[in-house]
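Peer 1: Residue numbers (my numbering), protein chains in the order written: chain G, 1 to 370; chain V, 1 to 370.
Treat the hints loosely; a few may be bogus.
Note that the list lumps identical chains together, so a pair holds whenever it fits in one copy or between two copies.
Computed list of lysine-lysine pairs in DSS-like fashion (alpha-carbon distance at most 27 Å, straight line) [stated by the list, open to error]:
hint : residue 1 : residue 2
1    : K328      : K43
2    : K87       : K229
3    : K308      : K229
4    : K229      : K328
5    : K229      : K43
6    : K328      : K222
7    : K308      : K328
8    : K229      : K156
9    : K308      : K43
10   : K156      : K43
11   : K222      : K156
12   : K87       : K156
13   : K308      : K156
14   : K222      : K43
15   : K328      : K87
16   : K328      : K156
Simulated from the structure, these hints should not be mistaken for laboratory data.
Single-letter residue listing:
There are 2 protein chains.
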Amino acid sequence: MNLRIPGPTPCPPEVLSALGTQMVDHRGPEFAAVLERVSSGLKRAFRTENDVLVMTCAGTGGLETAVVNTLSPGERVLSVSIGEFGKRFAAIAETYGAAVTRLEFEHGQAAAATRVDEALANDPSLTTVLLTHNETSTGVTNPLRELAGVVRRHGKLLLVDAVSSMGSMPCEVDAWGLDVVVSGSQKGWMVPPGLAFVSFSPRAWQAYERSQMPRFYLDAGKARESAAKGQTPWTPAVSLFYGMDVALEMLEREGWESVFLRHQRCADVARQGVRSLGLELFADPRFASNTVTTVRAPQGVSVSDLRKALRERHGIVLAGGQGPMTGKVFRIGHLGLVSEAEVQAVIAALAVELPRLGFVAPVGVSRSPA
Amino acid sequence: MNLRIPGPTPCPPEVLSALGTQMVDHRGPEFAAVLERVSSGLKRAFRTENDVLVMTCAGTGGLETAVVNTLSPGERVLSVSIGEFGKRFAAIAETYGAAVTRLEFEHGQAAAATRVDEALANDPSLTTVLLTHNETSTGVTNPLRELAGVVRRHGKLLLVDAVSSMGSMPCEVDAWGLDVVVSGSQKGWMVPPGLAFVSFSPRAWQAYERSQMPRFYLDAGKARESAAKGQTPWTPAVSLFYGMDVALEMLEREGWESVFLRHQRCADVARQGVRSLGLELFADPRFASNTVTTVRAPQGVSVSDLRKALRERHGIVLAGGQGPMTGKVFRIGHLGLVSEAEVQAVIAALAVELPRLGFVAPVGVSRSPA
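The shape of chain G in the complex, shown without the other chains (with noise of 0.2 Å):
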């Protein structure tokens, strides 16, 4: 099966196998090590002094933590939002009372520098700005350095949706000041779902304090305390700790600059493979993600009997889309463990099935793959 959503990845061997290491105390110094050695990589990869708080939830899960130890009921937030995952980081702040504006902008489309700007400027009230990295229903990177220097020049402490970036492209904590960061182990890291990770900045720490939103399962003070004793608060998911050891390894002997290239390029052969189809990208091409490549349904055809023939006929699983994009688009994943010979088998099975189910590529179009 050449599993080509954008999470969870396919996992390597080694990280399959270390998922089968028996239990251990997870109060004892078997465990311990294993905390610490993920923390430290964890740190490493996020390019960061602040804490990384390994919690046993899903990447939602991770923008829960973020918002609940940092925000209080009434908090004055901006979200800045391009497609479901903002929305929903948006909608977990309001679930616990945040009072929300929302900044939105079209699908396909990164944030504009400019208008967070504005944004921020007209509303000295607000205290927070919620933002995602990597939208991964759109297939839209935002130009995060940038929109992050907005919000420092505003003062603002900003929360980051870098679940499916983190790891695969590069996002840096301290140079880029970013105050709390979320990432997944089932995206970029290799590792199926179960683990996310959570940076805390000093600021973001500050926040904490102050915060007044309850928390209990994911309280990050809780979780600092313990890591403080090699332990985790509440039992954790310790099989996915074995992979996250095994995985983190294996990126750091490949090199995070190889990893961030190679992406780079199963990126650029999905995105000119596509085009070669006569397929429309979904993205915006200036901000095309690297780790998820969202198609524009083809005409005439319904992209669920496209996934369906291409499940069936070739053992390739691309994922739709999301929300109100279902049926209008159907997304690539190309992340974590990712070759460009497996991005290649979908342009060319695509190949093959597009004009059996009747899409014609418009005039001008080679049919076969770049």
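Chain V: place on chain G using the hints.
Peer 2: What follows is chain V alone, placed relative to chain G:
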């Protein structure tokens, strides 16, 4: 390593091997089939027709799921506590704004039905009771059926922490009228930590509709809605579902009655063995748990020295005390993947190490294991 703590428990080779199964699309047919098998198996194990939701989190996240989906800030709740996990359940409810009345029993004792009855009779404004089935910190099993009967007679909602009992001893959700019941994968289920199981009765779903506590990641309604489509609302810990799928099949093959009897036999070996060494059981013998045996610190021997000796010289890992019980007790876990021989090995190792550490058994006690 003979891991004899009350969770995580050792996992069978079949489960460890299943964990290494490659990822699939968590929105595709393969995962839907696994989710369906796991959910049905859990319903049979919980002895219920209620929904049993599978959440990606620790048992503590499961307790939070019970609280935040049924209660509202200011709502009056009776916490019946016999130890650390009872206190934790109450702390979660209080964190989210419930007005908690605490009915606490001495550590080592079970809750008395008459006192629960009195407490409910004295304060008709109480809507809900929080109850621990098996208190892992003291090694006491509450007479849940009797206690639930009292709660039912008063018409209150009953939330039950069955994290370390369900699947290891009888716990009849429907017959005993338990509204919300929580367990966790790393206990009797023989699977690594990371999944919580939470059943909701029709009464609990009515409470859900009224409940005003904030929730997002742990929203039971979202989980139910997704489950109807063979999915989870957020990315699930796929590997642990693979493990549960295999473990449930193994447990059903053994037969639940046999599983319960095996736990009882192992507990008998632990209790008789400990007494034969001249040690004192901490729990009231009438309510001593079949999943964990709590032993008072041997006269003149430090619990941490004893645990260290067992670990280093025998490869046996025991648990210490939790919270105020630290240093006062040690605990032998015998749940999940456990046989009488493994518990006998603990007794044999204690028989060797206790005299080495200077413990002298009271006169009249044989020093050899029973």
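Peer 1: If a hint holds in the structure, say so; if it doesn't, say that too.
Peer 2: Right, here's what the structure says about each hint:
1. Taking the shortest alpha-carbon separations for K328 and K43, neither the intra-copy value of 38 Å nor the inter-copy value of 38 Å comes in at or below 27 Å.
2. Proximity of K87 and K229 under a CA criterion of 27 Å is satisfied inter-copy only: 22 Å between copies versus 36 Å inside one chain copy.
3. Taking the shortest Cα distances, K308 and K229 sit within 27 Å of each other only across copies (18 Å), while inside one copy they are farther apart (49 Å).
4. For the identical chains of this complex, K229 and K328 are inter-copy neighbours only, at 21 Å across copies versus 49 Å inside a copy, given an alpha-carbon limit of 27 Å.
5. Proximity of K229 to K43 under the C-alpha cut-off of 27 Å is restricted to the intra-copy arrangement: shortest distance 18 Å within a copy versus 38 Å between copies.
6. Taking the shortest alpha-carbon separations for K328 and K222, only the inter-copy value of 24 Å comes in at or below 27 Å, while the best intra-copy value is 43 Å.
7. For the homomeric pair K308 and K328, the shortest alpha-carbon distance inside one copy (16 Å) is at most 27 Å, but the shortest distance between copies (61 Å) is not.
8. In this assembly of identical chains, the alpha carbons of K229 and K156 never lie at most 27 Å apart, being 32 Å within a copy and 40 Å across copies at closest.
9. For the homomeric pair K308 and K43, neither the shortest alpha-carbon distance inside one copy (40 Å) nor that between copies (32 Å) is at most 27 Å.
10. In this assembly of identical chains, the alpha carbons of K156 and K43 lie at most 27 Å apart only when taken from the same copy (23 Å versus 48 Å across copies).
11. In this assembly of identical chains, the alpha carbons of K222 and K156 lie at most 27 Å apart only when taken from the same copy (25 Å versus 32 Å across copies).
12. Taking the closest pair of Cα atoms, K87 and K156 come within 27 Å of each other only inside a single copy of the chain (20 Å); across copies the shortest separation is 38 Å, beyond that limit.
13. With identical chains, the CA atoms of K308 and K156 are never at most 27 Å apart, being 46 Å at best within one copy and 49 Å at best between copies.
14. Proximity of K222 and K43 under a CA criterion of 27 Å is satisfied intra-copy only: 19 Å inside one chain copy versus 33 Å between copies.
15. Proximity of K328 and K87 under a CA criterion of 27 Å is satisfied intra-copy only: 18 Å inside one chain copy versus 50 Å between copies.
16. For a Cα distance limit of 27 Å, the shortest separation of K328 from K156 qualifies neither inside one copy, at 36 Å, nor across copies, at 49 Å.
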